[in-house]
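Whenever a hint applies, use it, and build me the whole structure from the sequences.
Take any residue in the sequence shown, note its place counting from 1, add 1, and you have its number in this note's numbering.
Just so you know, the hints here were simulated from the structure itself, not pulled from any lab data.
Incorrect hints may have been included.
Unchecked claim - Each computed SDA-like pair below joins lysine to any residue, with the alpha-carbon atoms no more than 20 Å apart:
1) K43 <-> L73
2) K43 <-> D65
3) K43 <-> D67
4) K43 <-> S71
5) K43 <-> A61
6) K43 <-> P68
7) K43 <-> S78
8) K43 <-> L74
9) K43 <-> R56
10) K43 <-> H66
11) K43 <-> L58
12) K43 <-> E60
13) K43 <-> L72
14) K43 <-> A24
15) K43 <-> T25
16) K43 <-> T75
17) K43 <-> A53
18) K43 <-> R54
19) K43 <-> S59
20) K43 <-> S76
21) K43 <-> W69
22) K43 <-> I13
23) K43 <-> L77
24) K43 <-> A57
25) K43 <-> S16
26) K43 <-> L64
27) K43 <-> D27
28) K43 <-> L70
29) K43 <-> L32
To be verified - Distance ranges between label pairs, derived from CB positions:
30) G62 <-> E139: 22 to 32 Å
31) R151 <-> L58: 17 to 27 Å
32) A61 <-> L17: 39 to 49 Å
These numbers come from a predicted model, not from an experiment.
Just so it is clear, CB atoms sit at the ideal spot from N, CA and C, and this is done for glycine as well.
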Amino acid sequence: MAPIAADNVQPIPASLARRLAAATYDLILCLALLMAAVALYKLAQVGWYGEARLRALSEAGALDHDPWLSLLLTSLSFAFFARFWTHAGQTLGMQAWGIRVQNTDGSTISLGQAMLRFVLATLSWLCLGLGWWWMLVERRQRTWHDLGSRSQVVRIAQEKTGH
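What follows is the structure in C-alpha cells.
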C-alpha cells in the first residue's frame, strides 16, 4: 500500500489511552472469534473420539493441557491481527479509535513485522503491561512492540464530511 503521510508532515503518535481503547475493542472481537473456534474444535473432538470417550478423557484430566488447541488459538489470534495490520494498518478497534500501525514512511507493515509486534505485545502484557507503559517515557512515544518491529502507531486524520 502506498504511504499515507502527507508532504513532510510528522504523524502524531497515538496516545496510550487510544491504544488501550482500541486494544479493548479488539480483545472483545478476538475473544468472540476464539470462542467460536473452541466450539468448532470441541465439536470436531466429539466427532473424532465420540461423546463417551471424550467425557472420560475430560474427567481424567487428559484434555486439560491440549497443545493442539493452544496452537489453534495462538495461530488464530496472530492471523486476526496480522491480516488487519498488513493490509490496512488498522484492526477494527484501531479504525474506531482513529489510529493506524505503519512504517515510518507511512506504508503498511510486513508479515514479519506483524509477527514481531504480536510476540512483543504478548510479552509486554505478560510483564504487566510494562511494554505499553514504556511509551510514556520513550521520546517518540513508542511501545516495546513498536520499537521491536520498527513501526509506529499514529493518529489518522478524520475526513470532514460537510454535516
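Item to complete: Hint by hint, work out which the structure violates, then give me just those numbers in ascending order.
Response: 14, 15, 22, 25, 27, 30 and 31
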